[in-house]
Each structure stands twice: as C-alpha cells, then as structure tokens.
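Novice: Top line first, the protein sequences correspond to chains A and B.
Per full-length UniProt numbering, the very first residue in the first sequence carries number 1; after that it's consecutive.
Per full-length UniProt numbering, the very first residue in the second sequence carries number 1; after that it's consecutive.
Just so you know, the hints here were simulated from the structure itself, not pulled from any lab data.
Computed from a prediction, not measured in an experiment: that's the story for all the values here.
Computed, partial: chain A to chain B, Cβ under 7 Å:
#, residue
1, Ala30
2, Val34
3, Asp59
4, Leu60
5, Pro75
6, His80
7, Ala81
8, Phe82
9, Lys83
10, Gln84
We put the beta carbon where it would ideally sit given N, CA and C, even for glycine.
Number of protein chains: 2
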Amino acid sequence: MASLLPGARVVKAFNALYGQFIAPDPRHEAGRQVLFLAGDDAKNTVKVLTSEFGFAPVDLGTLREGGRLIQLGGPLSALHAFKQD
Amino acid sequence: MASLLPGARVVKAFNALYGQFIAPDPRHEAGRQVLFLAGDDAKNTVKVLTSEFGFAPVDLGTLREGGRLIQLGGPLSALHAFKQD
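Take these sequences, add in the hints, and give me the full structure.
Specialist: Put into structure tokens, the structure is as follows:
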C-alpha cells in the first residue's frame, strides 16, 4: 500500500481489530483496548491521537517487520485485548 | 539460552509477564491473561498446557523472530492484557 502512495507517511493500525472493538469507547474497567501499530514514520502522531481516543497503542516497529505481525493471518491479527495499566 | 542446552526444545514464554500477572488465576471476567510465546519446537505442548492453566497463549513464531518481540525492551515485553474471547 505504501508503494501506491509515494510521499505519504503510512502507519498501519486498526486493521487488526474488528469493528465491534473499534466502535465503542476503548476504555474499559479492565483496561484499555490494545491497538497494535507499525510504521516507518509518523507513528508518534498516531500514538498520541489514538491514546487520546482511549486506546493503548503498542508500537511493533517498522511497516515491514511489525506490519507482518498484524496482517491477516499474522500472530497478532484479531487479537482483541485490554491492556492492564 | 538455547545454545547452552543442546538437544533441549526451548519455548520462550512467561518472561514477558511480571509475576503479579502470573500468580493469580489468569481467567478474568474481562478475558484471559495473554501469554506470548515463541519457539521452534514443542510449542503445541506449551500452548495446551498454558491454556489448561487458563492463559490465552499467542504464538509469535520462531525463537529468533518471535523471541525478539518479548525480550526485555521488546515491543511486547511487559504487555499485560486480557484477551477478549
């Protein structure tokens, strides 16, 4: 996808969560909804923004290495979890 | 560590969890305690065993690639989360 958008700064996030876990308030009594993200750039902006939304962003590293973990069929794909702060 | 134990089948698990999250019953109302693991062999035994304990094992892949994620300072180190089943 990054190759289709030359010059864009791509951060992979949310793709590993089903909509039912994105739509409601991500702050729960048991913790915040974990949001995995990966990217080579601009990650801090996404981390700050999604933290403000109430998610618990977890930076998995580069788009290539981290992105693999949250792609369809990856080990962290569809892992819905509340982070215990 | 694996190199110190020739012939042994090494599965990396639990190292990324603080004791306070290992000691109690891993089954909570909000979900099961996520347990990341990595290894080249014998992972299924550990998955079955830890599932019986009540954890939610998540297989991160090989000892080399997955193990890096849960080593000290790795992106999934000390990520304490309840899996929503």
